[in-house]
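Chains as they are written, first to last, in my numbering: chain A, 1 to 428; chain B, 1 to 428.
Hints are not guaranteed to be accurate.
Identical chains blur together in the list; that is why a pair holds if it fits in one copy or across any two.
What the hints assert, rightly or not - Lysine-lysine pairs mimicking DSBU-like chemistry, simulated, CA-CA at most 35 angstroms apart:
#, residue 1, residue 2
1, 339, 141
2, 190, 355
3, 343, 190
4, 355, 153
5, 132, 190
6, 190, 52
7, 343, 281
8, 355, 252
9, 166, 82
10, 190, 346
11, 250, 281
12, 132, 250
13, 10, 132
No wet-lab data here; the hints were simulated from the structure. Being a predicted model, the structure only gives us computed values, none of them experimental.
2 protein chains.
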Amino acid sequence: MDGVKRVVEKRTPISVSEAVKKVIKIRLGQETELVHLHGAYRRTLAEDLIAKHSVPPFDRSPYDGFAIRSEDSSEASRDHPKTFRVIETIGAGSVCSQHVQPGEAVRIMTGAMLPIECDAIVMLELADAFSKDEIDYMTIKRAFPSGHNISYKGEDVGEGTVLIQKGTVINPGTSALLATFGYEYVKVAKKPTIGVYATGSELLDLGDSLEPGKIRNSNTHMLLAQIERAGAIPRYLGSLPDEFDRCYTKIKETAEQVDMLITTGGVSVGDFDLLPEVYAKLEADVLFNKIAMRPGSVTTVAVWQDTLLFGLSGNPSACYVGFEVFVRPVIGMSLFQEKPHLKKVKATLIESFPKANPFTRFVPSHVTYSNDRIQVSPSGFNKSSAVSSLAKTEAFMMLPGGTRGYESGDVVDVLLLETAEGSEWPWD
Amino acid sequence: MDGVKRVVEKRTPISVSEAVKKVIKIRLGQETELVHLHGAYRRTLAEDLIAKHSVPPFDRSPYDGFAIRSEDSSEASRDHPKTFRVIETIGAGSVCSQHVQPGEAVRIMTGAMLPIECDAIVMLELADAFSKDEIDYMTIKRAFPSGHNISYKGEDVGEGTVLIQKGTVINPGTSALLATFGYEYVKVAKKPTIGVYATGSELLDLGDSLEPGKIRNSNTHMLLAQIERAGAIPRYLGSLPDEFDRCYTKIKETAEQVDMLITTGGVSVGDFDLLPEVYAKLEADVLFNKIAMRPGSVTTVAVWQDTLLFGLSGNPSACYVGFEVFVRPVIGMSLFQEKPHLKKVKATLIESFPKANPFTRFVPSHVTYSNDRIQVSPSGFNKSSAVSSLAKTEAFMMLPGGTRGYESGDVVDVLLLETAEGSEWPWD
């Protein structure tokens, strides 16, 4: 225990929402970069997506048919059919090469541009086409009004319309829109880089064999995936032993190179919990170190030279929750997202949860559906499955403090982990 | 129209479920590869995840406290406190270096291995620690039974337990489990490669300026993102003009290099729809070319030399739906997924949808939540927003054929696009 001082302190817990508000008040930089559209899926738009031209970009035919001057059809009827001379065929992408004269028609394909003199489209099925002396004709038996079957320029979207707002995550439909308007390179939010250190002398690396008294570091690998899911770049830093000088030096060194730094473990008040001392020596501004929540009550967040230092618990569930509740919204905000918090919905509990909740409790949960109702059950309620429960977790129940237990059938708050769109603050 | 033959045929529509069944009957290869755990997020496990050792891997302390031999505490009481000599402090990762004798205790940290002679843990708060003549002691005022506060080896998971099944998509919790058991490299399903050609002489590439009569290819870029979301590798191939020989040669050449080939457009029965002729000349086995669904009724799937050829519609919504309904499950199956189809749930319609549905209809939709109910509304019902509706689409309503319209308040089937877990067949 050389170099380890016991930190004797009485910590005062604050509420979850107070804690989250303190964290998101620290505004990190919002940087942008240009990426090719083919690398833009799941990135966040850093500028509004604007219709750079009208859609459709010209008057066009929505069907295969014949383009005519409507006035030429005005007298056509079953008894007095009207025959047109078909002077040209235009496919999509082609433009009529001639001026259409009275009594003439143009065979036109779906999506092709309407000849300038024409103002109606006759669907293929309503015309009788024939050839005579190598000239093409078609006959109709009714009149067609001006504008019939025409998709007019700009009828879907006018030039300059804001179609998708800055801060939206790019999905396949967004990609289609970006392509439509020629966004070959897209201005997106630059992903922040987040370093992850595990602390604890008991931790082995991935490739190491087990040794008596030691376990493999699993929290770091979980966090790397959580960081990726949240849209940031994880930086793997390995683990630090319970040695103060080593921890202090490494944390200081790395904090200068990343946008945020996460450590797991060592934030409690035990003999080997070094993080409080590290923050003290760094003279970091500790926003809080005790939250009225379970798990994760010792989650600590500090600011040092514009870098956020997240001290998450070494307990896997607490670490998972701590990331999603406190780190994820900061990432989302630096990505310009308007709704950076986990999506909150309600669901019917389908299993009793008899534990009393003196503090806000986050319970790893599994979501199912029954008719149009969302149902939820704890994913790791049986101790035997504790280790694999997080892999089966799609949501957290958020049970308010000061409640007894919950019965099957009760409606509870649920935070979803995998939705494209999150929630705005506040959850409460 | 050189080289273009009009394909005159009467197509017989089959039902959506018949069509999907025909496609998934074609078994593509299921290949595996090893990837480092840090690159494994969102990949699919190609082998069961097995507990390679017990969890915990040894008897350990869940708290900071003192390890004792319980029998030594049997006579302790408020009136007759029992004092132990504290012979050593062990942190997590360390092992007690001495044999613990009667009347001795060991200061032990959370997660540390229990000394072999000890069988109970006294929490820190229940002991009075003090030093005298440079020797450490602690006193307790009650008895502690054998097993008190001990996490026993294997109590969470026994060695050899299958924790996660092959075919599961790796999420952050799975990453933690893989790390726990030392899976430095993970056997995952190899992603199939899917080529995408757009067809149509009207199509401009991303970087091109608009020209009269032409529009930019947007379907391809949408499909690249859909392919990525479904877990496969998209290959961008650009667009093909409406020229038969060029189309035929390119499609044949590319089909030999990819696992699946998607084309968009050209599958209908118009003069410029070349795909039916391409399939005929390839002597590909056309599984179907007409489905009783809207949009996407002309979606065609053919098999040529073990390569699936998907002929999707050129209409953006039809193209989107065609991919999700027919291509996605094939990708999922080649990734060993047990539930490769879009997740089907029910939702309450919150907007009337008065259109009659002679055929199964897929409506791009937006999902919202009210209390514990899922609600759905069309995302592009107003024509003016047609072009951006797919970007706001999180789901498709699936309305059965032979129904009139639907009223607000009706409960309808909904296919979710963004869930981690899909549905097993059948949807119907």
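**Study point:** Hints the structure fails to honour
**Key:** 1, 2, 5, 7, 8, 9 and 12
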